[in-house]
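Asker: Letter by letter, the chains look like this.
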Amino acid sequence: MRRGYVGIGTVVLTAIWLTGCNSSNFSPPTELIAATSGSSQSAQVNMPFSVPLVATVTMGGQPVSGAFVVFTAPSSGASGTFSNGTNTETDTTGSNGVVTSSTFTANGTIGAVALTASVAGVTATTMFSLTNTSGPPASITATSGSLQSATIGTAFGAPLVATVVDANQYPVNGVTVTFAAPANGPSGVFANTTTTDTETTNANGVATSTTLTANGTTGSYSVGATVAGVATAASFSLSNVAGALVSITATIGTPQSVTVNRPFANVLVATVVNGNQQPVSGVQVTFTAPATGASGTFANGTTLDTETTNASGVATSTTFTANGGVGTYTVTATVPSGAEPANFSLTNTAINFAFYVSGLEAINGGSNFYGLAGSVQVDGNGDVLGGEQDYNDGIGVLSPQPSGDAILPETGALTVDSSTGLGTLVLTTNNTSVGVNGVETLAVQFVNANHALIVQFDGSATSSGSMDAQTLSSTLNDGNYAFTLSGVDTAYLPIVFGGVFSVSSSGTALSGTYDVDDAGATVTPTLGTSFSGTISAPDAFGRGTITGAIGISLNYYEVGPEAIRIIDVDSTDAGIGSVFGQGTGTFSNGSLGATVFGVQSNSLGSLFAAAGMFTVPTSGTLSGVADVDEFDNDVIVTDAAISGTYTVASNGYGSLTIAQGDLGDVSVLGIYSTDPNLNLNDPNNTTSGLGGALIADLDGFTLNGTGVLIPQTDTSTASFAGSYAFGAQTFHSPRGAKLGWEFDFVGQGAVSSGALNNASGLLSDPFFIFNATGPDGTDTAKFTGTTTPDPTNAGRYTMKLGITVAADPVNFNTVIYQAGGGQLFWLNADKTDVSVFLGVLEQQGSLVTVPALAKTESAQER
Amino acid sequence: MVAGAHFLLQTSAGLVDASLGRFAFDGRDALTLVAGQQVEATGVVRRIEGAQVFVVRTVEVQGKVYVIRNEHGVAMSPQARGRASNKMDADGGAL
Chain Z
1 MRRGYVGIGT VVLTAIWLTG CNSSNFSPPT ELIAATSGSS QSAQVNMPFS VPLVATVTMG
61 GQPVSGAFVV FTAPSSGASG TFSNGTNTET DTTGSNGVVT SSTFTANGTI GAVALTASVA
121 GVTATTMFSL TNTSGPPASI TATSGSLQSA TIGTAFGAPL VATVVDANQY PVNGVTVTFA
181 APANGPSGVF ANTTTTDTET TNANGVATST TLTANGTTGS YSVGATVAGV ATAASFSLSN
241 VAGALVSITA TIGTPQSVTV NRPFANVLVA TVVNGNQQPV SGVQVTFTAP ATGASGTFAN
301 GTTLDTETTN ASGVATSTTF TANGGVGTYT VTATVPSGAE PANFSLTNTA INFAFYVSGL
361 EAINGGSNFY GLAGSVQVDG NGDVLGGEQD YNDGIGVLSP QPSGDAILPE TGALTVDSST
421 GLGTLVLTTN NTSVGVNGVE TLAVQFVNAN HALIVQFDGS ATSSGSMDAQ TLSSTLNDGN
481 YAFTLSGVDT AYLPIVFGGV FSVSSSGTAL SGTYDVDDAG ATVTPTLGTS FSGTISAPDA
541 FGRGTITGAI GISLNYYEVG PEAIRIIDVD STDAGIGSVF GQGTGTFSNG SLGATVFGVQ
601 SNSLGSLFAA AGMFTVPTSG TLSGVADVDE FDNDVIVTDA AISGTYTVAS NGYGSLTIAQ
661 GDLGDVSVLG IYSTDPNLNL NDPNNTTSGL GGALIADLDG FTLNGTGVLI PQTDTSTASF
721 AGSYAFGAQT FHSPRGAKLG WEFDFVGQGA VSSGALNNAS GLLSDPFFIF NATGPDGTDT
781 AKFTGTTTPD PTNAGRYTMK LGITVAADPV NFNTVIYQAG GGQLFWLNAD KTDVSVFLGV
841 LEQQGSLVTV PALAKTESAQ ER
Chain G
1001 MVAGAHFLLQ TSAGLVDASL GRFAFDGRDA LTLVAGQQVE ATGVVRRIEG AQVFVVRTVE
1061 VQGKVYVIRN EHGVAMSPQA RGRASNKMDA DGGAL
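For the protein sequence lines, the chains are Z and G, in the order given.
The working numbering applies: residue 1 is where the first sequence begins, and numbers increase by one.
The working numbering applies: residue 1001 is where the second sequence begins, and numbers increase by one.
Relax, there's no trap hidden among the hints.
Which stretches of chain G does chain Z cover? Using the computed rule of at least three CB atoms under 8 Å from a CB of chain Z, they are: (1) 1017-1023; (2) 1064-1073.
Lysine to any residue pairs mimicking SDA-like chemistry, simulated, CA-CA at most 25 Å apart: (3) Z:K738 with G:A1084; (4) Z:K782 with Z:A755; (5) G:K1064 with Z:G365; (6) Z:K738 with G:S1085; (7) Z:K831 with G:V1044; (8) Z:K738 with G:A1030; (9) Z:K738 with G:V1034; (10) Z:K738 with G:L1008.
Not close to chain G: a few residues of chain Z, all C-beta gaps over 12 Å, as computed: (11) Q169; (12) P182; (13) T193; (14) T211; (15) G229; (16) T513; (17) G590; (18) P676.
By construction, these hints were calculated from the structure, which means they are not laboratory data.
Positions of the beta carbon are idealized from the N, C-alpha and C atoms, including for glycine.
Isolated chain Z, as found in the complex:
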């Protein structure tokens, strides 16, 4: 119906024609239709489009009301229906010329939908462009890439392809698909080197993974492909197969050796390549060490370690630590393909300790001087593998020379408490004159894995000394050295030596200068005597001889390049001491600064001990405080202000004089400077307690001894805390039925707030100075005391040390001098005591690699 339009239009057209047109250009206006809104929409199939289709009809720029507009959608393919259920409907424009369709609903076909709107009777049309889209993902399927195989460590030939469709099986575009391979076992990695990969579907609903590379484990497995909203993943069945062309080689870490119980310097590194010698990444390499015997463990504490090769085909093991067994063995590195294993040749070497003690012998007609030095080799389980030693008591009972005593293999053992470092070392020798029919027992208190304080602990003697890990070499180093030696002369009277010398001719010759204080010879010490001698090469235990020097025959045992123990092996005299390197520098008075010192007679000397500390107000002078207990001279001076002078020559040879009367009879000391980078009490410790000098007391017939000067670096009480190992050699009035005046002890305990509480140790008392000492002359002991800092001398403390053997507590008034937090001297010196001791407290380090960490505290109790 166009009635309304005709009536009105006639009037208008007439007016226009009369006023604005001529007969030649007049053309009646036509109706136009344009899409106003609703185009460019999308809707999921079978779902309504969100807005209706709107068109506007105009004629001559004016809206046409009442015009009939026909909306027509495709009759097939992607299309839809209006509310009348068909693909077309007719609507009428309003007064504004606008016509609006009913809701248009997409049919079930995805794709572009071209709708037209036309005015009835007019050719003009307009177009609406709509799109029927797919629905949400309804399923995902593995389209291709499944059922592939790849050689381990190589890429699969085809990517994994998954297709996502909606409920109508229409592909879903633009959704994320996640491909996930197994995290363990047979699997593979995508281009991102992980086991997962995310990709987006294309217009076909297809997602394609990056390249998947098989890992090093053979076997079948599934890779899943998932998409959000779909419960069931697509699954790709894949298989890693062995590749005969993959090979593995040991690249780093073979051969190498390490001392038992210690980590190897290099981790084990294997490289995996394919047949083209190209590195293969992602291959699992399994390092396997022997399950028994000489072997070791990886960081996981087991003999197995599995690592994956990196992009360079390299697999690197965790740290490998030797066990206690000694020997060479093979650690293999294998790959799942079964390629020939890579072999790492590793060796666990035994640990050698040099030991030396001196004291008082209780057998062989003693009390005699007692000196013992040797080397013992143990495995990481503490089993003794062999060794050598020299023993001398100065009365003609000594180890045969030149062989010395053999320490027999497999009959002795080092047994140490893992928490305290306290234990025993039993040595079976071929010399029945030592120990108990040739079996010696030493109490050992480890300070760290390389150093222990030791005492004889079998009733045959009592003595104190040190045991230190050896670094063996085939010759002694040329260079400069300092030494002291203390013992008895041919008249069985005390004698001490001190001096400096140079080793030359590739470790075979020495020459130098020495002092000697010989109570059996001259009235005053003989100073500055030149000497020379010949050195033999050390044997496999670091043992050698020094002949022609200082008038006695010496054997030596290497501790390391700058530490050597020496023992007099003459049948008519005896002595024991140490040699330390002097480093490469020269010395002067400036070599001495703030210093702590300790000096003590030997057990057959005029018994005394002294300790103190001093500063150097001006070069060549000293001022400080010290204590001395001259047991035999009955001179006891405590908390004494001391002053004096000293000189040190460029070769480290010097002397120190304490003003007469300041420190009893202690006045003249020889100084023999040592390497400032050397710890004299712990020669393997290269980080603390460094520097100083050997000293010899040279006060004539009634007083001589040996000791050390140590730089004083830290006097704070806060530093004197932690776990300490300690020991001391004690001279005491004889109390037992057998004449003997010495007991020795080692132990360990914590110092906290200045208190040493219930420290425990082992005490050697073959002369039964303690009432309750066990019948074999040895026992356990408890140590308790509280330090009191000297208010006027920082670094000096006093302490009443209680030593309890069974129920037999005895107090010892003690003074402590602190060189640093790691190293202190303690001296028993008191007018009410009938004893004197000198010893050390050394802060404990790690005990992890100490051999034979097997004995428990309870097992050690007697």
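Since the structure of chain Z is provided, determine the placement of chain G on it from the hints.
Answerer: Chain G only, in chain Z's frame:
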């Protein structure tokens, strides 16, 4: 008090504290004393801790001379006495 053995020596000057050291009664040529026995001792008197002490070097008992300390005052251990005795025998001389 000097460590080791002591005995009280009655002299014309009164009682004297005599120090014999650690070794006098032990080992070879050990000293034997009986209370009331007449002895002859040589040595030096030292003042130690405020008291007079006779530091004995030799003791002669019934004609036998026991060397307690050597000529330098060093206490003679049994081994030292033995060495000294052996040396004296070898030298054919007296101490």
